[in-house]
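**Student:** With the hints as a guide, bring both chains together as one complex.
Chains as they are written, first to last, in our numbering: chain A, 11 to 327; chain B, 7 to 178.
Calculated directly from the structure, the hints in this document are not laboratory data.
Note that the structure is predicted; figures quoted are calculated from it, not measured.
Treat the hints loosely; a few may be bogus.
Distance condition first, Cα-Cα at most 30 Å in a straight line; then the derived DSS-like pairs of lysine-lysine [as the list claims (entries may be wrong)]:
id	chain 1	residue 1	chain 2	residue 2
1	B	LYS135	B	LYS33
2	A	LYS100	B	LYS112
3	B	LYS65	A	LYS100
4	B	LYS102	B	LYS33
5	B	LYS135	A	LYS82
6	B	LYS72	B	LYS163
7	B	LYS102	A	LYS82
8	B	LYS102	B	LYS72
9	B	LYS163	B	LYS112
10	A	LYS194	A	LYS288
11	B	LYS99	A	LYS82
12	B	LYS33	A	LYS126
13	B	LYS135	A	LYS117
14	A	LYS126	A	LYS82
15	A	LYS126	B	LYS135
Each chain is listed here by its residues.
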Amino acid sequence: MQEIMAILPASVRNIMTVLPSTVLEVLEEIRLRQNQPLEIRYGQQTSYVTPAGQITSIARQGWVFTQEHVVKLLNQVSQHSLYALEEELKRGYITVVGGHRIGIAGKVVLERGEVKGIRDVTSFNIRIAREKKGVAQKVMPYLFEKGTLRNTLVISPPMCGKTTLLRDIARQISYGNEWSSSRKVGIVDERSELAGCLQGVPQRDVGPRTDVLDACPKAIGMMMLIRSMSPDVLIVDEIGRPEDGDAVWEAIHAGVAVVCSAHGSDVEEVARRPMLGKLIRHGAFSRYIVLSRSRGVGTIQAIYDSSLNPVKKEQPA
Amino acid sequence: MIKLIGALMVLVSASMVGWQISRTYAKRPVQLRALLVALQMLETEIVYGLTPLQRAFVKVGQRVNKEVGNLFLLAAELLEQERALSAEESLQKAMKRHWPQTALRKQEQEVLASLSQVLGSSDREDQQKHLRLAVTHLRGLEEEARAEQDKYEKMYKSLGFLGGLLVVILMF
Numbered sequence: 011m012q013e014i015m016a017i018l019p020a021s022v023r024n025i026m027t028v029l030p031s032t033v034l035e036v037l038e039e040i041r042l043r044q045n046q047p048l049e050i051r052y053g054q055q056t057s058y059v060t061p062a063g064q065i066t067s068i069a070r071q072g073w074v075f076t077q078e079h080v081v082k083l084l085n086q087v088s089q090h091s092l093y094a095l096e097e098e099l100k101r102g103y104i105t106v107v108g109g110h111r112i113g114i115a116g117k118v119v120l121e122r123g124e125v126k127g128i129r130d131v132t133s134f135n136i137r138i139a140r141e142k143k144g145v146a147q148k149v150m151p152y153l154f155e156k157g158t159l160r161n162t163l164v165i166s167p168p169m170c171g172k173t174t175l176l177r178d179i180a181r182q183i184s185y186g187n188e189w190s191s192s193r194k195v196g197i198v199d200e201r202s203e204l205a206g207c208l209q210g211v212p213q214r215d216v217g218p219r220t221d222v223l224d225a226c227p228k229a230i231g232m233m234m235l236i237r238s239m240s241p242d243v244l245i246v247d248e249i250g251r252p253e254d255g256d257a258v259w260e261a262i263h264a265g266v267a268v269v270c271s272a273h274g275s276d277v278e279e280v281a282r283r284p285m286l287g288k289l290i291r292h293g294a295f296s297r298y299i300v301l302s303r304s305r306g307v308g309t310i311q312a313i314y315d316s317s318l319n320p321v322k323k324e325q326p327a
Numbered sequence: 007m008i009k010l011i012g013a014l015m016v017l018v019s020a021s022m023v024g025w026q027i028s029r030t031y032a033k034r035p036v037q038l039r040a041l042l043v044a045l046q047m048l049e050t051e052i053v054y055g056l057t058p059l060q061r062a063f064v065k066v067g068q069r070v071n072k073e074v075g076n077l078f079l080l081a082a083e084l085l086e087q088e089r090a091l092s093a094e095e096s097l098q099k100a101m102k103r104h105w106p107q108t109a110l111r112k113q114e115q116e117v118l119a120s121l122s123q124v125l126g127s128s129d130r131e132d133q134q135k136h137l138r139l140a141v142t143h144l145r146g147l148e149e150e151a152r153a154e155q156d157k158y159e160k161m162y163k164s165l166g167f168l169g170g171l172l173v174v175i176l177m178f
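Extracted from the complex, chain B is given alone in its bound form (with noise of 0.2 Å):
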């Protein structure tokens, strides 16, 4: 009986575990739509707004999903309690910090830091040129990111429930 209720857990934890992995594939195309979102939200922002930096990314991130959204009101925060930041060090900390509790992959964090470098410092034009830059880059990444995500998400999971019934398969 014992012996049932162990090979059911493992069952279920190894489940779950293949459960797990599968969702960062499925939210990574998720995360990544948003981010697109944000930064075209910013485009506007800065293009036919004219709005500061910070106040830009406070408006992106209550807008967009949460996960994505953070980001930027975390970037805002930092941007207005310390001064002696600039906007890029600003956003490179928040990345920093806020990246870990995404599902999203250094390729990005990559664009991102590069048009952080150019944030706020030019006027519209050359703004817009930088931020559609980065817009096509994350485009790219997006369909990389569905094309894995078909791939390995029923993957992931099928393995983790099989695996879990190999271990038991060889317990008893």
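The following block holds chain A by itself, in its conformation from the complex (with noise of 0.2 Å):
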């Protein structure tokens, strides 16, 4: 929240810091779109805050977001150098200290029909990150068999918690755990959501022996580690190209285990896509964990082995 709170404009701050700990607490994003009212989202609800701090569902009691407070809170987001985030304006979101997310809307600048960045910014989206540590606590003794980390499949519908599980499997095998001592990990991370890197910093905990490659394109990526920093264990969210599917095929023949993610709501519905459903029946995956919201975010569903039947638990070595 701290590092929220430092790149806010003064007058955003001092209204933010006197809302309620009970909705600081739980605060997931806070929207501001210039000339409009300050919105807040926290918990299951989304309300607008006054100029005192309270919180309301009348917009025009709203504090009111003007343009000098786009210029001040682009400023501070930007280091005052928004050069340096040409990449991030073309992507529509900036990450900045704390692994936190920006995303922005405004007029759009194309040259030669692609988009080349925002100029006009006037829309904020500031989404608070949280670390969830332990997620991955459940589903690790199954990650492994005989001492081995398995080539992994984790399989969820949008918004279950599967970058969550993904980072945390990283940290525990990174940091090493009661199934296997720490491993070296390499984590290509193209949206910048696994590691919520800042100039290559990881700003999220994904272990020691963690190597990331942000913002670069997966496939790409994967064999970019392999060659350079030799991983155990390469992390990599959402495949879903076909050249993810080659770059997955070579990374596991590498001598490399791979854990990976795919959006779906469970295995029959990956496999009829064609890279992914090409990988399955070549048996590339030997574990697949299948989550759901069913019993909250990141309710694990189901875990399958490379046969698809149920995997049993392995000791502790």
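**Tutor:** So, in structure tokens, the structure goes:
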């Protein structure tokens, strides 16, 4: 929270700090739009905030974010260096200290039909990142067989905690646990979500033996890491493109364990997608973890082995 | 005897004054050159290194001639400490404080001031354009400063000494 407070313009900060702590603790998003009232999302609710720091559902009572504040916020976020954010402005979001993400919208500038950046930024969505350490605790016993880590595919619909789970798996493997000693972990973090890097430095705890290729396309990144960092385990979020499949295949046959994730609600569904189906049929993965929201975010629905039978727990070595 | 000592003192101090003035003429091109180098480094940091402005100021400030470098270090310090300050304001403030300590003139300050208005607030290409423009301006001023140096440096030195000599002659 402090990191977020530090980048907010003083006027917004003053309002935010007087919010009740019950709200601040579950705060998920701060939404700022030029000439519109300050909006926050916390728990499952959304509301506006008055100039006195009170929560209200009436828009016109809300404190209004003006253009002057836009400039100040942008200055703070970019550290007075917009030129350094070209890539970020192209992608539409900026990662700040602490791994929090700020989504932006405004007037898009095109160059030869491609997005070159966003010039007049008018909307900000500050998403507060909360790490959930230990969510992988429940799945760790299933990922090992006779002390070796198995190639794993995490299958989950969006917003079910797949990235959080992957991050925790990376951390546990990197630190070492009951089933294995610590290992070298390589993360290809195309969307800067797993490690939340800022200037290349992971802002989340991904473990002491973890190397992160930030903002790198997955397929190229996996090959780069194998050649340059000799990881024991490769962790990749959301594989889907044909070249990703080839890279996973290469990695597995290069003696590297791969833990990756894909969108989907069960193995059968994922198997119908061309690239993933091929990998599954060829037995690239020997563990499938299926997530859902049935009992809250991050519910582990099932864990299967390569022939889709439920897996037994591995006893600590 | 006392008169002789007095005459000597007049001569020495007059030459010193002349020497001081001539020094500013000699210093200005040197500092202008340093400022030019600093802006070119800043261009590299911004356009190729994508270094945040505050760190770019520190890097540049440490590497160029101290008299000019301190200006950037001061701006970096202001930028870090006073969070409400924009990049423009902090550079302007630093210039106001630091300028009297340099041999640089108003014209140079104006070039830097107009650069400060855009520094950090646009994309790379635009930053590069503005930095190059400032460098071109400063180059012109540098040539001018060198011409002035050739003209006046020696002149003020001799003028000081000769002026002293005149006073001494009048005294006797």
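**Student:** Hint by hint, say whether it matches the structure.
**Tutor:** Hint check results:
A C-alpha spacing of about 28 Å is found between LYS135(B) and LYS33(B), which places the hinted pair at or below 30 Å, so the restraint holds. This hinted pair does not check out: LYS100(A) and LYS112(B) have alpha carbons roughly 40 Å apart, beyond 30 Å. At most 30 Å may separate the alpha-carbon atoms for a hinted pair to count; LYS65(B) and LYS100(A) meet this at roughly 27 Å. Pair hint LYS102(B) plus LYS33(B) holds up; C-alpha atoms about 19 Å apart against a cutoff of 30 Å.
Of the pairs offered as hints, the one joining LYS135(B) and LYS82(A) holds, with about 24 Å between alpha carbons and a cut-off of 30 Å not exceeded. Distance restraint check for LYS72(B) and LYS163(B): the Cα-Cα separation of roughly 25 Å lies within the 30 Å cut-off, and the hinted pair is therefore satisfied. Our distance criterion of 30 Å between C-alpha atoms is met by LYS102(B) and LYS82(A), whose separation comes to about 23 Å. For the given pair, LYS102(B) sits about 17 Å from LYS72(B) by alpha-carbon distance, which is consistent with the 30 Å threshold.
Between LYS163(B) and LYS112(B), the direct Cα distance comes to roughly 24 Å. Compliance with the 30 Å bound is thereby established for this hinted pair. Using a Cα cut-off of 30 Å, the hinted pair LYS194(A) and LYS288(A) holds, with the two alpha carbons roughly 28 Å apart. Between the alpha carbons of LYS99(B) and LYS82(A) the distance comes to roughly 18 Å, so the proposed pair stays at or under 30 Å and holds. For the hint linking LYS33(B) to LYS126(A), the alpha-carbon distance of about 44 Å lies beyond 30 Å, and the restraint is violated.
Straight-line distance between C-alpha atoms of LYS135(B) and LYS117(A) comes to about 22 Å, which keeps the hinted pair within the 30 Å bound. With a CA separation close to 23 Å, the supplied pair LYS126(A) and LYS82(A) stays within the 30 Å bound. Only pairs whose Cα atoms come within 30 Å are accepted, and LYS126(A) paired with LYS135(B) is accepted, the gap being roughly 18 Å.
Consistency note: the structure conflicts with the earlier hints numbered 2, 12.
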